Amino acid sequence: MEIPFNVKERPDTGLYNGKLGVWFFLASEVMLFGGLFSAYIFLRNGVEYWPHGTDYLDVPLATLNTLFLISSSVTMVMSWASLKLNDFKKFKLYCGVTLLFALAFLVVKYFEYSAKFAHDPPYLPSTNNFLGIYFTMTGLHVLHILGGMLVIGYYFGPGSKMWNTEPERFTNRIEIVGLYWHFVDLVWIFLFPVLYLL
Amino acid sequence: MSDNHHHQSFWTKYIWSTDHKVIGIQYAITSLLWLLIGFGLMAIMRYQLAYPGTPVPFIGNFLGEGGILPAEMYNSLGAMHGTIMIFLGVVPLAFGAFGNYFVPLQIGAVDMAFPKLNAASYWTYFLGSVIMVTGFFVPGGAANSGWTSYPPLATTATMGQTVWLWGMVMLITSSLLGSVNILVTVIQLRAEGMTWMKLPIFVWTQFITAFLLLLAFPPLEAAAVLQLMDRIIDTSFFMPTGLVVSGEVLPNAGGGSPLLWQHLFWFLAHPEVYVLILPAFGIVTEVIANNTRKPIKGYKSLVYAMIFLGFMSFIVWAHHMYLTGMGTTIGAFFQTTTMIISIPSVVILTALLLSLWGGSIRFNTPMLFALGFLPMFGIGGLTGLPLGLAAADIYLHDTYYVIGHFHYVVAPGTIFALFAGIYYWFPKITGKRTNETLGKLHFFTSFVCMNGVFMPMFITGLAGVSRRLWDGGESYAHAAGVFQLNEFMSIFAWLLGVSQLFFIANMIISLRSKKTGEINPWNATTVDWTDTSSPPLGHGNFETVPTIYRGPYEYSVPGAKSDYLPQSNKG
Ligand code: HEM
Ligand SMILES: [Cu+2]
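Here the protein sequences line up with chains A and B, keeping their order.
198 is the number that the numbering used here gives to position 198 of the first sequence; each next residue is one higher, with no gaps.
161 is the number that the numbering used here gives to position 161 of the second sequence; each next residue is one higher, with no gaps.
None of these hints come from the bench; they were simulated from the model.
Note that the structure is predicted; figures quoted are calculated from it, not measured.
Each residue gets a CB set at the ideal place from its N, CA and C atoms; glycine is no exception.
Honestly, I wouldn't trust all of these hints.
Unchecked claim - Simulated crosslink set (DSSO-like; lysine-lysine; CA at most 30 angstroms straight-line):
#1 B:Lys198 / B:Lys297
#2 B:Lys300 / B:Lys570
#3 A:Lys19 / B:Lys198
#4 A:Lys8 / A:Lys92
#5 B:Lys116 / A:Lys8
#6 B:Lys297 / B:Lys561
#7 B:Lys294 / B:Lys515
#8 B:Lys440 / B:Lys297
#9 B:Lys440 / B:Lys515
#10 B:Lys294 / B:Lys198
#11 A:Lys109 / A:Lys8
#12 B:Lys13 / A:Lys84
#13 A:Lys19 / A:Lys90
#14 B:Lys561 / A:Lys8
#15 B:Lys13 / A:Lys8
#16 B:Lys116 / A:Lys161
#17 A:Lys89 / A:Lys19
#18 B:Lys432 / B:Lys300
#19 B:Lys432 / B:Lys13
#20 A:Lys8 / A:Lys89
#21 A:Lys89 / A:Lys161
#22 A:Lys161 / B:Lys13
#23 A:Lys19 / B:Lys13
#24 A:Lys92 / B:Lys198
#25 B:Lys561 / B:Lys294
#26 A:Lys8 / A:Lys116
#27 A:Lys84 / A:Lys8
#28 A:Lys19 / A:Lys84
#29 A:Lys8 / B:Lys570
#30 A:Lys19 / B:Lys116
Claimed, not checked - Only part of the chain B face toward chain A is listed, based on derived beta-carbon distances under 7 angstroms:
#31 Val110
#32 Leu183
#33 Ser257
#34 His539
Please work from the sequences and hints to get the whole structure.
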């Protein structure tokens with residue numbers, strides 16, 4: 001039994017199921033991070049003194065990370081576009097580069113975190129609410145990056161076999177993963193100024 | 001994708017199934033069991049409330065010293081009763097079971113849009129619910145800070161609270177998967193001709209419910225993560241500076257706010273009450289239209305009222321927080337929105353009442369439950385109004401009046417509607433009929449008992465008796481005049497439990513009876529009845545996928561040959 005509009009678009013909505021599904025999923029993600037950003041504002045307004053991001057955080061490293069993520073978003077689009085152009089080799093290339101950028105992001109994040117823990121006295125989530133919310137939000141974001149890498153890695157590796165049997169479906173999958181990846185990127189674009197610069 | 005033609009093992013067919021109907025039934029059985037367990041917890045508490053400090057018969061030895069229910073355990077039972085009833089019982093039954101089974105059938109779809117995610121949603125729910133109750137077996141017992149889990153109480157509570165939070169995270173994930181599925185299914189998989197204004201009201205209610213779950217639950221997930229951080233790695237998101245617990249200042253850095261939790265919690269939990277009530281509206285509408293043999297009055301007003309209700313439910317949450325000191329300006333805003341949101345509820349109730357007017361009503365079991373729903377929901381809704389006004393709420397907040405209010409909406413309200421749905425669709429799911437005598441006995445006894453349990457709560461509440469008291473108010477002078485009512489309510493609660501034996505017996509007897517061979521015993525118009533066999537075919541639902549030509553409630557159309565015209569009837 002085949003579910004209708006799994007691959008092809010439904011004429012009156014112009015969408016295939018997966019794409020609509022991922023949009024709804026992202027709407028819920030907006031609410032998740034929205035809740036956390038609201039918590040940030042609420043906590044910050046509730047106290048007299050709130051540290052400046054630069055008191056604790058490393059802006060140059062975060063800027064570098066911003067570049068990594070934006071680039072990864074670009075290569076993600078390119079990998080999807082390559083499939084649209086029927087160029088599977090290019091897809092592999094761009095997909096691989098996306099993974100590398102994501103990995104670079106994680107490495108930088110690793111150095112950032114460990115610098116905090118190694119500081120004397122250590123900067124821990126329990127030190128104050130600024131650090132608490134910083135670790136929570138960036139931590140959740142890192143989890144989203146990891147989840148994305150897992151899926152992208154799957155379609156880069158074993159999952160890419162689908163290209164030979166169902167190319168259109170495979171292209172759709174990459175489009176969906178791409179939408180998610182851009183969202184994760186976007187979250188960072190908000191996190192960066194809010195946590196590091198304000 | 002497997003279909004029914006070749007042999008499938010028991011496991012693939014009933015356990016790891018991706019067929020929305022099987023998943024719907026999995027949800028139904030699991031959630032009904034949870035309702036029973038949630039009820040059982042409450043039945044124990046009611047003993048302590050009626051006869052404080054006396055040993056509980058039969059099970060006393062398992063509870064505590066001398067057979068008396070200890071106060072800490074009373075708190076656990078209370079918190080878990082609320083949690084189980086709402087998150088493991090009513091919502092999975094109303095949305096997971098009914099939504100899964102009937103939304104695809106009513107819109108003429110072969111399955112949900114994402115069958116595998118659908119199964120994943122059930123299994124995360126199952127896992128989450130198991131995690132929830134493992135709390136009973138950890139040191140200190142299950143969560144004991146109320147179903148609302150307010151910090152700092154919850155932050156400093158025993159380990160059960162951590163378990164509760166992890167369980168919650170699982171349940172939220174499950175509800176996310178389920179709601180995305182329903183939304184995409186309704187938007188993408190409507191059969192040809194099934195335009196938005198031809199959707200049965202039941203589908204509309206599930207659709208709006210899915211939106212509420214999708215958007216309201218994530219902030220609670222955020223809140224749960226923050227509370228987990230507070231509990232596990234000592235952050236202070238919800239912990240104010242210099243909090244003193246048992247005479248000692250907590251070592252936390254402080255600077256946090258317990259109010260933050262309440263905002264995040266109620267941002268979910270108010271929409272959640274509409275998650276509890278919307279599917280009930282949907283079921284009741286189907287049953288009423290079918291049994292009055294008349295079109296529903298004001299189909300469009302119903303739809304618009306429900307959409308409006310959905311939107312408004314996101315901006316009323318702080319009416320649960322009038323007494324927190326959040327400020328009168330904010331209070332005034334939320335009073336206004338709360339009064340506004342009552343309007344669509346009244347529209348819906350009025351439309352349903354008017355639909356009864358002039359109908360030749362068939363008083364079968366589902367209809368009785370649907371008719372019972374209307375005044376019960378009416379009482380629940382009307383008693384909400386004084387709570388929505390800050391001045392009155394100062395007096396009523398955290399009293400038994402509030403307990404009476406929300407139980408009227410959820411218990412003789414939503415749960416009656418769910419029973420109506422079970423009796424109404426039982427022939428569809430099984431191809432068999434339920435026993436009318438047992439059904440009517442079930443209705444009338446439940447109706448009397450429900451009122452016997454919840455009506456006195458308004459009286460004790462107005463006398464000022466607080467909720468969540470271990471001794472039922474025995475030690476408070478102001479409760480002396482109404483304390484006797486506790487025993488009265490407890491007796492009706494236990495009788496209510498006994499009344500459910502009619503339901504259980506009915507289910508068992510009916511399941512063992514022979515198939516009737518009728519496809520559409522109620523002469524209904526929607527395609528779940530007219531275009532599939534009863535029970536429906538295996539995976540795939542329809543012999544030929546229907547095309548839709550008519551609105552959902554074309555009953556007694558003048559000049560028509562029969563008194564109902566199926567939605568798929570071209571004629
Ligand atoms: C129709 C109009 C309604 C109004 C104006 C209303 C208003 C309120 C208000 C102001 C409170 C807070 C009372 C307090 O804590 O002092 C409350 C509590 C509650 N309401 Fe309603 N309500 C309405 C309908 C509903 C419905 C339809 C449901 C569920 C299906 C519901 C479920 C609840 C629950 C569960 C609580 C208590 C939560 C708790 O504190 O544990 N209400 N209601
Ligand atoms: Cu509310």
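Structure-based check of each hint:
{"no.": "1", "hint": "B:Lys198 / B:Lys297", "result": "14 angstroms, holds"}
{"no.": "2", "hint": "B:Lys300 / B:Lys570", "result": "23 angstroms, holds"}
{"no.": "3", "hint": "A:Lys19 / B:Lys198", "result": "25 angstroms, holds"}
{"no.": "4", "hint": "A:Lys8 / A:Lys92", "result": "24 angstroms, holds"}
{"no.": "5", "hint": "B:Lys116 / A:Lys8", "result": "19 angstroms, holds"}
{"no.": "6", "hint": "B:Lys297 / B:Lys561", "result": "22 angstroms, holds"}
{"no.": "7", "hint": "B:Lys294 / B:Lys515", "result": "29 angstroms, holds"}
{"no.": "8", "hint": "B:Lys440 / B:Lys297", "result": "27 angstroms, holds"}
{"no.": "9", "hint": "B:Lys440 / B:Lys515", "result": "21 angstroms, holds"}
{"no.": "10", "hint": "B:Lys294 / B:Lys198", "result": "16 angstroms, holds"}
{"no.": "11", "hint": "A:Lys109 / A:Lys8", "result": "40 angstroms, violated"}
{"no.": "12", "hint": "B:Lys13 / A:Lys84", "result": "38 angstroms, violated"}
{"no.": "13", "hint": "A:Lys19 / A:Lys90", "result": "23 angstroms, holds"}
{"no.": "14", "hint": "B:Lys561 / A:Lys8", "result": "41 angstroms, violated"}
{"no.": "15", "hint": "B:Lys13 / A:Lys8", "result": "29 angstroms, holds"}
{"no.": "16", "hint": "B:Lys116 / A:Lys161", "result": "20 angstroms, holds"}
{"no.": "17", "hint": "A:Lys89 / A:Lys19", "result": "24 angstroms, holds"}
{"no.": "18", "hint": "B:Lys432 / B:Lys300", "result": "34 angstroms, violated"}
{"no.": "19", "hint": "B:Lys432 / B:Lys13", "result": "21 angstroms, holds"}
{"no.": "20", "hint": "A:Lys8 / A:Lys89", "result": "24 angstroms, holds"}
{"no.": "21", "hint": "A:Lys89 / A:Lys161", "result": "13 angstroms, holds"}
{"no.": "22", "hint": "A:Lys161 / B:Lys13", "result": "29 angstroms, holds"}
{"no.": "23", "hint": "A:Lys19 / B:Lys13", "result": "29 angstroms, holds"}
{"no.": "24", "hint": "A:Lys92 / B:Lys198", "result": "46 angstroms, violated"}
{"no.": "25", "hint": "B:Lys561 / B:Lys294", "result": "15 angstroms, holds"}
{"no.": "26", "hint": "A:Lys8 / A:Lys116", "result": "49 angstroms, violated"}
{"no.": "27", "hint": "A:Lys84 / A:Lys8", "result": "14 angstroms, holds"}
{"no.": "28", "hint": "A:Lys19 / A:Lys84", "result": "16 angstroms, holds"}
{"no.": "29", "hint": "A:Lys8 / B:Lys570", "result": "28 angstroms, holds"}
{"no.": "30", "hint": "A:Lys19 / B:Lys116", "result": "16 angstroms, holds"}
{"no.": "31", "hint": "Val110", "result": "6 angstroms, holds"}
{"no.": "32", "hint": "Leu183", "result": "5 angstroms, holds"}
{"no.": "33", "hint": "Ser257", "result": "5 angstroms, holds"}
{"no.": "34", "hint": "His539", "result": "5 angstroms, holds"}
Of the numbered hints listed earlier, those contradicted by the structure are 11, 12, 14, 18, 24, 26.
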